[in-house]
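Number of protein chains: 2
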Amino acid sequence: MVKKSLPLSKVYGLLEPGPVVLVTTSSKGRANIMTMSWHMMIDFEPPIVGCVISNRNYTFDILKVTKECVINIPTVELAEKVVGCGNTSGRTVDKFKVFGLTEASASCVKAPLICECYANLECKVVDGKMVSKYNLFILEVLKAWINPAKKDAQTIHHRGRGTFMVAGETIKLPSKMK
Amino acid sequence: MVKKSLPLSKVYGLLEPGPVVLVTTSSKGRANIMTMSWHMMIDFEPPIVGCVISNRNYTFDILKVTKECVINIPTVELAEKVVGCGNTSGRTVDKFKVFGLTEASASCVKAPLICECYANLECKVVDGKMVSKYNLFILEVLKAWINPAKKDAQTIHHRGRGTFMVAGETIKLPSKMK
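Taken in sequence, the protein lines are chains A and B. Following the working numbering, the residues of the first sequence are numbered contiguously, the last one being 179. Following the working numbering, the residues of the second sequence are numbered contiguously, the last one being 179.
Simulated from the structure, these hints should not be mistaken for lab results. Because the structure is a prediction, the values reported are computed rather than measured. Please note: incorrect hints may appear among the correct ones.
Repeated chains share a single entry, so a pair holds when one copy, or any two copies, can fit it.
[What the hints assert, rightly or not] Here are the computed lysine-lysine pairs in the DSS-like style, where the Cα-Cα straight-line distance is at most 25 Å: (1) 177 x 4; (2) 65 x 130; (3) 177 x 98; (4) 111 x 130; (5) 179 x 134; (6) 111 x 134.
Start from the sequences and build out the full structure, keeping to the hints where you can.
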C-alpha cells in the first residue's frame with residue numbers, strides 16, 4: 002500500500018473524532034507499540050496533540066527519554082491486534098512480531114510507522130511539563146501520512162473494557178466550524 | 002425523560018470514544034452553550050478531563066471566571082442544533098431559546114444540564130495553569146447523569162468542516178484493558 006503525505010493542516014480531522022490509536026516508539030534499535038485512547042487536539046497548525054500515557058507503561062519510559070513517537074491510526078480490521086497490543090507489555094514482548102505488524106521507516110523520527118494502519122503521524126514531544134502531574138505529553142506532529150484509498154475510515158473508539166464503537170455513516174451539515 | 006445518576010467510575014466510557022459535546026456555562030443567571038470536540042480523559046476516578054476552548058469563545062471567558070460547566074453529550078438527532086451552537090456566539094444569541102433546547106438544574110454547579118442530551122457531566126475547573134499557553138482547562142467531573150434507555154448511544158464525531166462520523170455498531174473483544 003502506498004501512502005501519500007497529508008498536509009499538516011488536515012491532521013486534526015483524523016484525531017478529533019477520537020479513534021483508538023497505536024503509538025510506536027523506538028529505543029536502542031527496538032520498536033514498541035502501545036494502544037492509546039486518551040488524546041486530543043490542542044492546536045491546528047502545526048498540529049499540537051495532548052496525550053495521557055500511564056507511567057506504568059513501557060512507552061511512558063521510552064517517550065520521556067527519546068521524545069519521539071508515531072501515532073498510527075488503525076481501522077476495524079485491526080481490532081484484535083489493537084486489543085492484543087493493549088494487553089501486553091513491550092518490556093517482555095516484541096509486539097510487531099507477535100501481532101504480525103509491519104514496520105516502515107518514518108522520515109522525521111526514529112520510531113517506525115505501522116504499515117497496516119491507514120494513517121501515521123510522526124511526532125516529537127514539545128512540552129513535558131505536565132508529565133509528572135498528569136502523565137500528559139504535548140506532541141507536535143511533524144509529518145503525516147495517509148492511505149488515500151481509505152476515505153471515511155472505519156476507525157474504532159473505545160467505550161471501556163474491550164467494547165468498541167465502530168465508525169458508522171458520515172453526515173455533512175452546512176457549517177462555519179473548522 | 003428521567004435520567005439516573007451514573008457512577009463516576011464509568012464516566013471515562015462516555016468521553017473516551019471522542020464524541021462532540023455541548024458545554025454549558027452560566028454567568029449572571031444567563032446560560033450559554035458551546036460545541037466542543039477537543040477533550041480527553043486524564044484520569045479515571047475522580048474523572049479528570051482535559052479540554053481546549055479557544056480564547057475567542059464566550060465560554061472561555063465565562064469558564065475562567067465561574068470555573069464551572071456541564072459537559073452534555075448529544076446524539077445524532079441533535080446534529081443540526083450542535084452545528085447551530087458551533088456557528089453562533091452566546092455573546093449575541095440565547096442558544097437555548099434559538100435552538101429549542103431545555104435547561105434543567107444541575108446538582109453541584111450553576112451551569113444547567115441540557116435535557117435533550119443523553120448524558121450530562123457536572124464539572125469544575127481544578128487546574129487552570131495551562132489556560133494561558135494552550136487554552137487547556139483541567140476539569141473534574143463531580144456528578145454524572147445518563148438516560149438509561151440510551152445504550153450504545155449514536156454519538157457524533159467531528160471530522161472537520163461540518164462532516165461528522167455517526168457512531169456505528171458495537172463490538173466486544175476479550176480484553177484486560179480498563
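Handout entry: Violated hints - listed by number, lowest first
Key = 1 and 6
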